[in-house]
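Visitor: Each chain is listed here by its residues.
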Amino acid sequence: EAQVTQNPRYLITVTGKKLTVTCSQNMNHEYMSWYRQDPGLGLRQIYYSMNVEVTDKGDVPEGYKVSRKEKRNFPLILESPSPNQTSLYFCASRNLGMTGEQYFGPGTRLTVT
Amino acid sequence: RKEVEQDPGPFNVPEGATVAFNCTYSNSASQSFFWYRQDCRKEPKLLMSVYSSGNEDGRFTAQLNRASQYISLLIRDSKLSDSATYLCVVNGDTGKLIFGQGTTLQVKP
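So the sequences go chain by chain: F and B.
Read in order, the letters of the first sequence correspond to residues 15 to 127 in our numbering.
Read in order, the letters of the second sequence correspond to residues 13 to 121 in our numbering.
Hints listed in this document are in silico derivations from the structure and should not be mistaken for laboratory results.
Each hint should be verified, as a subset may be incorrect.
As the list claims (entries may be wrong) - List of simulated lysine-lysine pairs, DSS-like, C-alpha gap at most 25 Å: (1) F:Lys-71 to B:Lys-57; (2) F:Lys-83 to B:Lys-108; (3) F:Lys-79 to F:Lys-32; (4) F:Lys-85 to B:Lys-108; (5) B:Lys-57 to F:Lys-85; (6) B:Lys-54 to F:Lys-79; (7) B:Lys-54 to B:Lys-91; (8) B:Lys-57 to B:Lys-108; (9) F:Lys-71 to B:Lys-108; (10) B:Lys-14 to F:Lys-71; (11) F:Lys-79 to B:Lys-108.
Produce the entire structure from the sequences given, and follow the hints as far as they go.
Guide: This is the structure we're talking about:
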């Protein structure tokens with residue numbers, strides 16, 4: 015089954031404690047990205063990657079890091095989480111090109127206290 | 013001005029009604045347009061792509077107006093299961109997809 019998986023699905027943590035949210039896709043997609051979704055602000059792109067070892071900032075990259083060592087995986091790293099990073103996070107993947115459907119993971123609900 | 017703008021709603025309609033959503037975009041160079049559906053707290057999923065000639069999928073019809081830079085989604089004979097948030101999506105520079113904030117639809121019995 016074609017899918018994007020994310021883990022964990024729910025996470026409550028404290029300020030400053032490093033965390034990683036994993037993302038994996040099994041569709042051999044070149045393009046992967048991370049979004050956060052907040053009420054009234056919609057989906058905002060954090061980082062994206064067009065291929066292995068190629069990553070770039072999206073609209074709201076501050077406080078986040080990513081890596082793309084393998085085509086299927088695109089982890090999101092919060093080195094020192096803060097309460098303003100409390101949000102719903104989605105990983106997504108698609109083929110390069112403008113007409114491809116983008117597939118989303120099920121989401122990770124993060125709360126930073 | 014936002015790159016993709018939608019009326020957030022909510023649109024409250026009775027079952028069987030016809031409802032239409034519009035979305036405007038700012039980048040005249042955009043080439044790809046989509047409607048995604050998002051159920052509460054779940055991931056967005058592609059509903060339909062929007063082609064220049066317009067396209068229809070069952071009760072759903074999407075239209076593109078390049079001159080006025082807007083796309084529309086028409087839902088006929090609304091069902092309770094159509095209740096969701098509908099996201100307008102447009103491709104931006106470098107192939108990035110830009111999402112509108114979404115329009116919430118509530119279909120009432």
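Visitor: Among all the numbered hints in the text so far, which are the ones the structure does not match?
Guide: none
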